[in-house]
Amino acid sequence: MKQIYLLVLLVLGSQLLMPRPANAQSPAAVKITLKLQHQNLRTVLSSIQKASGIQVIFNEELVLPYQNISVNVSNVSVSSVLTQVLKDTKLKYIAQANKIVILAKQESEDGSQETSISGHVSDETGKALSGANIKLIELNKHTTTNSSGFFQLTVQSGTYTLEISHVSYETKQIQRVKTGGSPIHIQLSGHEHTLENVVVTALGIKREEKSLGYAITKIDGEEISKTVPGNWVNALSGKVPGLNISRAGAGPGGTVRITLRGQNSLDLDKGEPLIVIDGVPVLSGMVGNNGLSYGATGNTEPPVDYGNALSDINAEDIKDVTVLRGPSAAALYGSRAASGAILITTKNNADRKERLNITFNSSVNLEGVLHYPDFQYEYGAGNTINTYFSYGASPDGPSTNSTRSFGPAFSGQLYYQYDPVTKTRGIEKTPWVADKNYVKDAFVTGVTYNNTLSLTGGDSKNSVRLSYNDVRNKYILPNTGYTFNRLAFSSNSKLKNFQLSTGFNYYHKQSDNLPLSGYNTNSFMYGLMYRSANIPASYYKDYWDIKDVDQNNLLNPSVDNPYFILYENLNTLDQDRIFGNVTATYNLSKKMSLMLRGGIDQNSSFRTTRRPYSSIRFAVGRYQEQTVMMQEQNYDFLYKYDEKLLHDLDLSFSAGGSIFKNKIQNNLITAERLSTPGIYTLGNAKDRPLIVLSPANKEVQSLYALAQFNYKNFLFMDVTGRNDWSSTLPKANNSYFYYSFSGSAIASEIFDLSAFRALSYLKIKGSVSQVGNDTDPYRTGYYLTPSEFGGSYTNPTTLPGGDSLKPEIITNRELGIDIRFFGNRLGFDLTYYNANSSNQILTVPNDPATGFTGRIFNAGLINNRGIELAVNANLLHKKSKLQWKTMLTYSSNRSLVKELAPNVSEIIMATGPRGFVKAIVGGSIGDIYGSGYLRAPNGEIVHDDKGLPLIDTENLKILGSAVPDFKAGIQNQLSYNQFSFSFLFDGQKGGDIYSFSHSVLGGAGKLKSSLPGRYDGIIGEGVVQNADGSYRKNDIVATPGDYYNQKYLRDNAEANIFDASFIKLREVSLEYRFSAKLLKSLGANSASFSLYGRDLLLFTKFPLYDPEIATLNRNRIEPGFETGQFPSTRSFGATLKASF
Amino acid sequence: MKTLLKHLQLISFLLAVSLGSSCTKDFDQLNTDPVRVTSVAPGSLLAPAQFDGMWLITRRAHRLNNEIMQYTVETGALNDFARYEFKENEFDPIWTTLYVKANDMSEMYKSAEQRNDVNNMAAALVMKAWFVSNLTDMFGDIPYTEAFRGRDDLLYPKYDSQQSIYTSILADLKKANEIFDENKAFETTDLIYSGDIIKWKKFTNSMRLRLLVRVSNKSEMNAPGQIAEMFGNPTKYPLIGSNDDEAMMRYSGTKPFINLFLEMAAAEFSGSRRMGKPLMDMMNNTVDGRRFRYATRNTPGAYVGIPSGYDEQKTIAFADNGGLKTSTLATTLKGGSYPFPILTWSEVNFLLAEAALKGWITADAQSYYNKGIEASWKQWNCTWDGTAGTTYLNRPTVRFTGANANMERLIGQKYIAMFFSGFESWYDYRRTGYPVLPKGPAVKNDGILPTRFEYPLITKATNKANYDAAAAKIGGDKLTSKVWWQN
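Protein chains in written order, with the working numbering: chain A, 1 to 1140; chain B, 1141 to 1627.
Some hints could be false.
Unchecked claim - Simulated pairs of lysine-lysine, DSS-like, Cα-Cα distance not exceeding 30 Å:
1. B:Lys1604 <-> A:Lys806
2. A:Lys946 <-> B:Lys1618
3. A:Lys347 <-> A:Lys496
4. A:Lys90 <-> A:Lys105
5. B:Lys1250 <-> A:Lys731
6. B:Lys1613 <-> A:Lys957
7. A:Lys946 <-> B:Lys1584
8. B:Lys1376 <-> B:Lys1498
9. B:Lys1227 <-> A:Lys957
10. A:Lys898 <-> B:Lys1298
11. A:Lys423 <-> B:Lys1465
12. A:Lys898 <-> B:Lys1600
13. A:Lys957 <-> B:Lys1600
14. B:Lys1298 <-> A:Lys957
15. B:Lys1227 <-> A:Lys1033
16. B:Lys1465 <-> A:Lys429
17. A:Lys946 <-> B:Lys1454
18. A:Lys731 <-> B:Lys1165
19. B:Lys1579 <-> B:Lys1498
20. B:Lys1165 <-> A:Lys661
21. A:Lys957 <-> B:Lys1604
22. A:Lys878 <-> A:Lys319
23. A:Lys898 <-> B:Lys1604
24. B:Lys1618 <-> A:Lys957
25. A:Lys946 <-> B:Lys1227
26. B:Lys1165 <-> A:Lys663
27. A:Lys806 <-> B:Lys1165
28. A:Lys423 <-> B:Lys1474
29. A:Lys957 <-> B:Lys1584
30. B:Lys1474 <-> A:Lys547
31. B:Lys1579 <-> A:Lys946
32. B:Lys1584 <-> A:Lys1033
33. A:Lys881 <-> A:Lys1077
34. A:Lys806 <-> B:Lys1600
35. A:Lys946 <-> B:Lys1465
36. A:Lys1033 <-> B:Lys1454
37. A:Lys686 <-> B:Lys1474
38. A:Lys1008 <-> B:Lys1454
Note that these hints are calculated values from the structure, not bench results. Being a predicted model, the structure only gives us computed values, none of them experimental.
Bound conformation, chain A alone:
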């Protein structure tokens, strides 16, 4: 009030005293010369007015105290003269239009009567916004919010206007804010895709999104950690167009395989994106136990999912994730990013929060089986409907016990059954009833506790962050799960022109038992397929006959007892991973900087597997120790230079080089038989322990450069070039160059589009790039392999690539459009791409008569093309209290195998239990071939003289594709006051899976689909051949046991392949953020409580546990086949988060 009063007086006074000057100019521009000795202030100000011609307004009373002022300036601006004159006074001036007003400094400005305005800034979802700019208009005072979104301004008490702005949000003004009140809460509304959106691109270079000519997607860390207790990669599902996740369904390890824009290599070991953490690539891929997902015999085993390096990253440490969806975006990363790249930025204390800040995050997650196949509970064990059931021979007759469920119907009748107490046939008859929980009881509720504590702090130049995470998981099978301890440290130091940042992580993962997956006598799911409803799960619990020597598997002697598997067939893991990096940046000048960076990632695993005596596969036991050491080192430098080339043209030039070294040791030592049962050491080996060593070393050296041109901030062009030298290729071909050109034009700024009022932004982008790719180590030379027999060798079965091996070439073209309407409230980002992968380095099969079953060879040309769409919509007005944001993604990829090697008609990419994923010229990647029904000329199924469908095993036909037609996701975020709610549906249309489990369950009468015809027999749909060769409608009644067995025969891939279309309610989360008042009483900066659910609903016609499944086979995940998957889980959890 005081200021306004003064102003009124001033205006009145000046009107009386001062003549109006002829010309009005700005005090900064007008220069005067003035010489005055020991004058009072009033005289000095009048002289300034005279000399400058600018009206100077003041209150007589105010200037009166100041005497004895001297001025001696020549040709100096009015403003500096005024500053000088008023320096030692309690006065100041403000320049208004055509005049200068002299007024008193506020008391706060010289340190008296201070009070404050404080508050909290968040986005419309309630997420705290750090770095928001707070401006007090009246006093022109600024501050920014801290990382928790809080700010405080110290001002003289009064009422002010606040202006809150943030780089990614709409600026907001709040009028009449009183000092000293309770903290105010401010919500900014905005859009993630504002023009100023800054994203991390290849090599860690930060760019404005509008300047990019290629497709990327950024996901915030909060989005990831909110609902994902286990593998964070699952949080990308449905949110990144073009991203496909194949899940192994092989246990708590939860390993997934990611592809972007389809599989671009005929080799399934390739095609996954590069993973980069804070600018430094890290380990990817996995070294498993090389287990076979089916058909394991002798001393081979099914796989164990030990997790992979990507899945292990702690979601709580992730600040954000940027997905470089195609080769153009990733061209600077070279060959390793031929299939795109995923850049993870970890949390650090880059905001340089000076005081110590503690954040605590605690969550508990419960998981159970999401979806069960339709099991039948009407008929019990038996090969056929006998008049009785008998476990072993009994007074009723010979044994009818069977692993199949075509036996008598349950109606409480009395039979001689298994007695779990005496572990033999019961003496008395007991009622024949179904245990409808016989499958459900095989599983338990999985629990995961996840606690993270993080500390941040620093001073004006240095900042640090330290976090510690503890995860304890119990899986849905008894006695399985893992613990995880993760420590992360990061620091930033800024010393004048020099910046240093470091990141260091130590992970320790431990498990006493990870389950065996796949289809084998010692995998849990295998045994489950052969159980019947007349046997409750508890009957299996007493699993020893003679401890350590002989298991009790009397209920089904051809498989291991399920609890024997879980409690004795142990697969342990002890894993230490250390990774980190150091980045030093030196600013040579304002235009130039040099960065040096080094990173290392070392992952050491020690795994043991124990197989007791009497296990089906290993009658005299087995013990194995596997040591896997994976190490990756990356060193690089990057020189950056920015220059204004012309008035409107900016250039940013970077050049750099890198060295990448990769080292893998995989040592297996196996005691193939044990001398004494129950002792699991290599010393207890009956034979000389078998040692298998599989090392791999590789190095790639690279040089690269990048030039970015920016014309008037609406036309952009990037040119990149990179040359790699890889140790894995023959000398003559080990150097390869690739390039990319990309450009974007902001059409809405170039042209006047105001005629289209709804349109707020239009960007057109395009790029062309070519990327090379090398291969694995040791694929050029001819090596003999040591055999198990000492001092002996075998020739390789695969002919090496030799000196003619060339790098692979992937050429990518993409076009995109980013269009937004209604003040950016509705946006579409559409990308079309077309990529050719040629000269693929493949193992092409040979006629073994050549002496070799395959050869390593450059062959093949695959075309992948598709569209990716992201839609963003803010449905409600920004000013509305309720905010509703919707994001939709859609992607569709089509591949075409254009060429294979000369004389090679097909390449088998993956072999299923029956059938293959084959690449055939003219076909697509992911086509599944297998045998099917024998069909009459009119297409009907032919039945034999017993009424059983005939299977044509001679001619393999295409039965489906492992690749979906399209994938889509839709996410909704709603926020209202302190509550926010979000949910995500995603799914796919199309895609097929051969289900081995279905073949077993269907053929063995476990599913409802095998119920029809149990008593009366069944007449299959189709025809039967007459003696004269003609066909008649099938009229032969088949016995159901035989019919379903034949129909769902493993060989009949046609009957066991199913459409894998699905929709999942992937994520639901409800969050409550504590009010500022509550926070104050708790002494917390921020706190929230949330409830979430993951994979809550599944809509599908797929008859097994989950259509979103692939097979973990050997050391990779192969799509298109299901071989005894574990059920996928539905999880619920609660998270409490607090920051102090």
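Add chain B to chain A, keeping to what the hints say.
Positioned in the frame of chain A, the structure of chain B alone reads:
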């Protein structure tokens, strides 16, 4: 721009450091496998080829030969071999493993030849003949002259006629016998004879005898003449003359040298597999002392086989035998150190008995026939001495005299003796028609016991033009086409 140029110096320095410090010169060494090797002594290739080749033949004989030839009958749902039904890829493992192992022997021969290492040259020829003869006996015409030449970029080998292959491998065996030299070193990893050159020579000539008898229907091969020549000069052409001489895989029982049936699940080995009726009947009729080595007894203690070629339900009923059960393979066969035959003294005796019976050599067929039986009993570690042997030989269904001294009786006894001797019984059946085996009502293939195997999927897919030509030549790639030595 000036400052940019100034800093070019720095860039050049960094480039020099990054490339200079670890130059691509190291790449050769870096891309060299530290575990595997690029060249080996020839004899070091022998053990794995012998072991893997033997296991392939034995395992597939268990799976295929024993089912076709009704030694056993699988009652489970997955195997239809007893009904002459095979999946298209059933024969791929045979083709793949035998060719790959024969290639190891081809490489071993080349490497030994460079060092003038005659004993390893000879051993390589014998092993290769063993693998290749099995391949051609199963399939007929196969790639041979252009085979094993992938390293020379010969990736689409043409198929050769069986006659030319036989001519070649018989010559190889003859040559092997000539170049084996006791006075020279035999550096080897030999699992069969531990480098005993004399026994190798006996094995070589016995193998040649086996193959000559195999092609004896083809007059152009002059098998009788060659057999007579060998028989007439035992010094130059020593044959296996005792159980001690015979080619057996005598597993030590310690890994890796074990009988891999040990590792096979009971279900796969004997769980749902029953002994065949013809074998059990023959052995029961003569109270054969080898029965307990071959089979288990059923619940009442009898050796009972089941008929082959019935549908699954009937087969299961036969196996159950009204609750009395039927015989399965003897569990001892699954023992880790149980020896399995490659070429036995018994077989040599039966081959000579046939030669004598047919008048190719001047010798007493009956005594070789009797010796063949005796050798077999001893091979299976059965009591022969005392009256056991003579009692058996004098049984009317065994005695080889008069009108009963015929091929049917000879091959009948050989059939019993060739139990688990690879595919020999099937080759004999295709050559002689003996033993006469009943055909069940559910057999496919027009009721014809397969006369060959169909070419594997892998050669069809990767060597199509040559495959097509070969298939056309034999009148179609069928289970009923006849190979050259059958015609």
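Against the 30 Å threshold, does the CA-CA distance of Lys1604 (chain B) and Lys806 (chain A) hold or violate the hint? Distance of about 27 Å is within 30 Å: holds.
Is it true that the CA of Lys1584 (chain B) sits at most 30 Å from the CA of Lys1033 (chain A)? holds (24 Å)
Given pair status - Lys1454 (chain B), Lys946 (chain A), alpha carbons within 30 Å: holds (13 Å)
Is the straight-line distance between the alpha-carbon of Lys1227 (chain B) and that of Lys957 (chain A) 30 Å or less? holds (15 Å)
Given the hint that Lys806 (chain A) pairs with Lys1600 (chain B), does the C-alpha gap stay at or below 30 Å? Roughly 29 Å between the alpha carbons, so the hint for Lys806 (chain A) and Lys1600 (chain B) holds.
Between Lys946 (chain A) and Lys1227 (chain B), is the straight-line Cα distance small enough, at 30 Å or below? Cα-Cα ~21 Å, so holds.
Pair hint outcome, Lys423 (chain A) versus Lys1474 (chain B) [Cα-Cα no greater than 30 Å]: holds (28 Å)
Are the Cα positions of Lys946 (chain A) and Lys1584 (chain B) separated by 30 Å at most? The given pair, whose Cα atoms are some 15 Å apart, holds under the 30 Å limit.
Mind checking the alpha carbons of Lys347 (chain A) and Lys496 (chain A) for me, to see if they're no more than 30 Å apart? The given pair, whose Cα atoms are some 23 Å apart, holds under the 30 Å limit.
30 Å limit on alpha-carbon distance, applied to hinted pair Lys898 (chain A) and Lys1600 (chain B): holds (22 Å)
Satisfaction of hint between Lys663 (chain A) and Lys1165 (chain B), Cα-Cα up to 30 Å: holds (18 Å)
Pair hint outcome, Lys1165 (chain B) versus Lys661 (chain A) [Cα-Cα no greater than 30 Å]: Since the Cα atoms of Lys1165 (chain B) and Lys661 (chain A) sit roughly 15 Å apart, the hinted pair holds (cutoff 30 Å).
Hint violations for this structure: none, all hints satisfied.
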